[in-house]
Amino acid sequence: MAMQRRRLGRVDYATTFDAMRAFTEARTPGTPDELWLCEHPPVFTQGLAGKAEHVLDAGDIPVVSSNRGGQVTYHGPGQVVAYPLIDLQALGIFVKEYVFRLEQAVIKTLEGYGVTGHRVAGAPGIYVNLGDPFGHGALPGPPDPRDPWRGIGKIAALGIKVSRHCSYHGLALNVAMDLSPYERINPCGYAGLRTVDLSTIGVHVDPERAAADLGDRLESYLST
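Take 3 as the starting number for the sequence shown in my numbering and just add one per residue.
Since no wrong hints were added, every one of them can be taken at face value.
Pairs of lysine to aspartate or glutamate, EDC-like flavour, derived with a Cα cap of 16 Å:
id : residue 1 : residue 2
1  : Lys163    : Glu99
2  : Lys110    : Glu221
3  : Lys163    : Asp20
Computed beta-carbon distance windows for the label pairs:
id : residue 1 : residue 2 : range
4  : Glu185    : Leu10     : 23 to 31 Å
5  : Arg8      : Asp146    : 40 to 48 Å
6  : Phe136    : Arg23     : 32 to 40 Å
To be clear, the hints were calculated from the coordinates, so they are not data collected in a lab.
Just so you know, even glycine gets a beta-carbon here, dropped at the ideal spot from N, CA and C.
Construct the entire structure; sequences and hints are all you get.
Shown next, in the form of structure tokens:
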């Protein structure tokens, strides 16, 4: 069955969370997979492992608890959020492979803009070398224990939930955002981790275009 892609526009986070959870709970083996692409108004979201101390100063931005994996992150305008609603059993893969494919879709999307995306062991998501985001060398290392994230910026966050072999939640790619809210949290639970977007590193692409590009990559990696 072909995956159905839905462009939701700017939608409330909590409402969308409820909708994808309901979709997952109601789906049957014959339900086609869907890919929801959207943007959220400013919101901090806490994963299941989220610790309150990683929210340094929420201010006027709401903090919403969710059942995805991971710690706190931020969603806001200028960010492409992708929610693949996938029957992993029908696709014939397990969670580790699913996460790899999500990250690979982001890496290939960035590659289309000339940017080299990197994985960091034990820290899901995609990162860039701030000193040379277009080069093909490795990330700076070995890490300095006093500043383990020196020279590294996070450009895409990932957090998923799998229920009865079916996935929801997903990933967020930073395109052209107001990044200042990230200073109010320890992104994904990492103090000192800098969060960047494409515009920060000199790539100016319309978020709608980025959503289409990321959607194409996700479909190619997640379709049967």
